[in-house]
Amino acid sequence: MTIATPQPSPETDRLIAAVEGADSAAGLLTASAALARHLAGSQVPAPAAITSLVQVLGFNNPGAAVAAVDGLIACGEAAVEPLLANLDAHNYGARAWAVRALAGIGDVRGLELLEQALASDIGPSVRRAAARGLGQLRCGALPQDGRLRVRGRALEALEAGGEDGEWVVRYAVVVGLEGLGLDLADPQLGAMAPETALLARVRQALNRHQDGDDTVPVVRLRARQALGRLNAIATREAMEPQ
Amino acid sequence: MAVDDSGSSPPGGGQPISEAEALDRLRQTADQSLQYYAAWWLGRMRSRHPEAVPLLCAALRQRQPRDPGAGVEHNAVARNAARALGKLGDPAVVPDLLAALEDEDDGLREAAARALGELRAEQAVAPLTARLRSGPAGAGAPQARSPRLQEPCEALIEALGDIGIASPEVLAVIHPFLDHDRPLIRSAAARALLQLTAERRWGERLLELLEHPQLQVRRAALMDLGAVGWRPALKPIRATLAENSLKLIALRGLVEDGQGDPGEEALLQAMDELL
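Heads up: the protein sequence lines correspond to chains A and B, in order. When we follow this note's numbering, the leftmost residue of the first sequence carries the number 1, and every step to the right adds one. When we follow this note's numbering, the leftmost residue of the second sequence carries the number 1, and every step to the right adds one.
So that you can see chain A by itself, here it is in the shape it has in the complex (with noise of 0.2 angstroms):
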């Protein structure tokens, strides 16, 4: 396998110096957002660039900032090392935008993160970035047990922040385990496997904030909608011919 290495490119290196030279708000969030662009539109993003991007999480400008997740998550895994190497515990700001862009990567090396910033971040946005992420972990690269150990956790975080008192948090919990059920619906499974008691799992933490134990009417509403796409699935696949 040949691995392509990133081309220096005269027009990368001009829009990294136009996000370093920004000298006002709205100069960083024109420069970050045609940066971010650029690298979405890249087939190997130069490391520098995602590295001027990432950097950009930590400047306290929200614009800049959206604008910068935007091109983290179009970079997919590239970003993640350069994200998790640049975790600043003294900068809230930056931290809260790197866990969505992990969540929106979905690499499951942003698990640990994701798991701690649903339990504990004081933003909402965070811990509902997160409990999003948490069920778009792509993990279809990994052995089984391996793929088992990370939907176990990830199953466990959702569990648990289910009783988040944030309505907006626990909406972002049924998202969640609606995208885990899906990945754990696999017609192929006997009744024996371990994805098959997960997924039990899903629909009981489903059908408690579908059931009156969710005060919020749009949250039990997401509940059900998720019951019946599971259901879906399930139907279809006892209707498959053997």
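Just so you know, the hints here were simulated from the structure itself, not pulled from any lab data. From a predicted model like this one, the values you see are computed outputs, not experimental measurements. Watch out, some of these pointers could steer you wrong.
Quick list of simulated restraints, FRET-style, between CB atoms [as the list claims (entries may be wrong)]:
1) B:GLU102 / A:THR215: 33 to 39 angstroms
2) B:GLN269 / A:GLU159: 21 to 27 angstroms
3) B:PRO142 / A:GLU77: 54 to 60 angstroms
Just so you know, even glycine gets a beta-carbon here, dropped at the ideal spot from N, CA and C.
Using the hints provided, position chain B relative to the given structure of chain A.
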């Protein structure tokens, strides 16, 4: 509607407390900051305790000067008591709130008006209308040396919309505020008229405010569209430049309080995308 987060965060911070502790804190009168927190707590937790309402009604009668050193607003305890009474849903407190609506403190009148709106108190329509009758140049004129208006117009107008009595007199009183200088007041008027008449043109006024250059105005329009649950606003809500957190609150309103197209499926999908 002005954006405030009084629903989710305790004023002045504080540790989690029990219902019994909250009632004790509200009962004592030596430390008003304890009372202030307790009143907020009882409303936030939707306390069903039989003593909660009587204690809050007593607190509603408390008056105190503003204490800048303590960082506490004028009549802080009474204002928080009014807010809590709005959330507890007991119609028996309406006469107490109507009395507070006549107080000389416009901040207390504001809290009382909002509570009366939440309680859908039809008895409040006449006094609310009376306070607005002098129009943008009277009730809506700025106070000297203060950013506040003569009357808390936004709260008074929104309460009329929430109560929902669409009499010609109510509509005529709200109408002139569509042209108030301040966009937040215009937003409140459009919101109330949309609630009262369900006429599309008032929804479209809110959509215009959703494109206002000031973030604060776009936020207010978002909250107003959510409060009415006006579903044709889905696309503009997604497109406006504001925090996803506020868009999610607005869309929740469209799901829970709205009807018609777009349907729940499309609304929930839009919410999922904002997480």
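Verification of the supplied hints:
no.	hint	in the structure
1	B:GLU102 / A:THR215: 33 to 39 angstroms	holds (34 angstroms)
2	B:GLN269 / A:GLU159: 21 to 27 angstroms	holds (25 angstroms)
3	B:PRO142 / A:GLU77: 54 to 60 angstroms	holds (56 angstroms)
Checked against the numbered hints listed earlier, the structure breaks none of them; every hint is satisfied.
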